[in-house]
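Participant: Put chain B on the given structure of chain A with help from the hints.
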Amino acid sequence: MGVDRVRDEHKLKARLRSVIDGAATGLAILATVLVVAPLVAIFVYLVYKGASSLNLDFFTKVPKPVGESGGGMANAIVGSALLLGVGSLLGIPVGIGGGIYLAEFGRGTKLANAVRFTADVLNGVPSIVMGIAIYALIVVPQGHFSAFSGGVALGIMMIPTVTRTTEEMLLMVPNAVREAALALGVPNWRSVLSITVKTASPGIITGCMLAFARVAGETAPLIFTALGNTFWSVNLNREIAALPLQIYVYALSPYDDWHRLAWAGALVLIILIVLAVSLVRYVTSRGVLKGAS
Amino acid sequence: MGVGIEVTNLNAWYGTNHTLQDINLNIPANHATALIGPSGCGKSTFVRCLNRMHETNPIARVTGTVRIGDLDIYNDCKPVEIRRRVGMVFQRPNPFPTMSIYDNVAAGLKLNGYSNHHVLDEIVERSLKNSALWDEVKDDLKKKSGASLSGGQQQRLCIARALAVDPEVLLMDEPASALDPVSTSKIEDLIFQLKSQYTIVIVTHNMQQAARVAEKTGFFLNGRMVEFDSTHKIFTNPSDKRTEDYITGRFG
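Protein chains in written order, with my numbering: chain A, 52 to 344; chain B, -14 to 237.
Hints listed in this document are in silico derivations from the structure and should not be mistaken for laboratory results.
If you're wondering where the values come from, they're calculated on a predicted model, not measured in any experiment.
Just so it is clear, CB atoms sit at the ideal spot from N, CA and C, and this is done for glycine as well.
A few of these clues could be false.
Claimed, not checked - Covered by chain A, according to a simulated footprint, are these stretches of chain B (three or more residues, beta-carbon under 8 angstroms):
id, segment
1, 67 to 75
2, 90 to 97
3, 125 to 136
Isolated chain A (complex conformation) (with noise of 0.2 angstroms):
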């Protein structure tokens, strides 16, 4: 009798446990599907108002001027690039730096807690604050805007996402390999860049890629800095074109010819930002072995 009632039990639990997994599995599919819906929502919606208005103009002409219908925004797309690229070259090695400082060198200490401290708090200055600082910093002395001040403001942005992916990814890395290194009579600096930095590497570019990718939808702290451009140019040392400046302006204007341009040029600067981060992915995984982890 007694051992019935607990196979009785048993068999209720069971049950009970196959209720709660398939609970637990809805859940996290109900998640998934709520992370990926507004990118699919946003896309899908881009597409419709956007595509119509994408031609070969849009990627060869710069913008007409007020009444004149037709134009495309490639000085933007090439001004974006340029912005981007000022930025990462910035953001990326400074971010990267920080982030060895922190994981590798600076452990523990006071320096590195401030360094740290920092980061995040900078990670949370609103993005028109480092466009207004930028505009006190670089173009008020220059004495103009410059395509060069907007990629300062980007890069500083970068800056801490970077800096605390790449700590992140090093403290993962087991002691034990750090040790494998040292034992073998490697210096200290040449172990943590040719074994810690490379083990972590994955995870180092995800961050480098997270932070191109939310600096590149940037408008605000570009408005003080680039400024923005209707003509070709590029030069460093003048005002310049970027696409979501572009598309901010458009947006604003009371032109539906201009509405439909800003769909669309919203609609390529998301199609560019995936071939960018996967143009890196793939370039960066070529060199991977079989079973490495």
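Facilitator: Relative to chain A, chain B alone:
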């Protein structure tokens, strides 16, 4: 060729924990020496003092003299130099996960600036042959990651990596404790072959293993070295009551 190791009044601390107390010991060249003792007795700390890995822990401290060959390792040279002459194999296999098998073996040389491909090829092949791994990996040298091998193969890869820099001493910290019996016996065969060319110090929990591979055995207990003698004497007729209790399984 291997060189002897002379340890005089060695003391080591982790923070306030006095993990090694007044160790005096002469390890003979070109022989295998086993260190046995219960967990936490300080034998791992001891081997880490022989290549100055102990001090990589920021709270660690060490006093005393260690002479390897004619070099006083705590006064005459930098840690980096001594670690090139004293190889180490750890308890858990720790190949570099992003590197190929070839690069794992060549790592010690490449990271110290060697780049002659012919010489590297030769050294990699010789090291892998010495660690009895060559036949199993020779077709995938540059294709597979070191992490793709089995645990036993990874440990032999780590031995090859240590041998590639041509050390005089090889420290092994429980090299077979994470491995199955077949891999363990391969590692033991290897130690047998290697000890004619290198001075080997092996930490082990497995007393049969000590008896099989080592000429000399030291027994550690609570941070002190209780007894150091020929392996035969330690296992058949130890001088100290505590050694006898340990090897007959009364504690530890």
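Participant: Taking a Cβ-Cβ distance under 8 angstroms as contact, does the segment 125 to 136 of chain B have three or more residues in contact with chain A?
Facilitator: Three-residue rule met by the segment 125 to 136 of chain B, so holds; n is 7.
Participant: Can you take a look at whether the segment 67 to 75 of chain B is actually covered by chain A? Rule is 3+ residues, C-beta closer than 8 angstroms.
Facilitator: With 7 residues closer than 8 angstroms to chain A, the segment 67 to 75 of chain B meets the three-residue bar; holds.
Participant: If you look at each residue in the segment 90 to 97 of chain B, do at least three have a Cβ nearer than 8 angstroms to any Cβ of chain A?
Facilitator: holds (count 4)
Consistency with the previously given hints is maintained throughout, with no hint failing.
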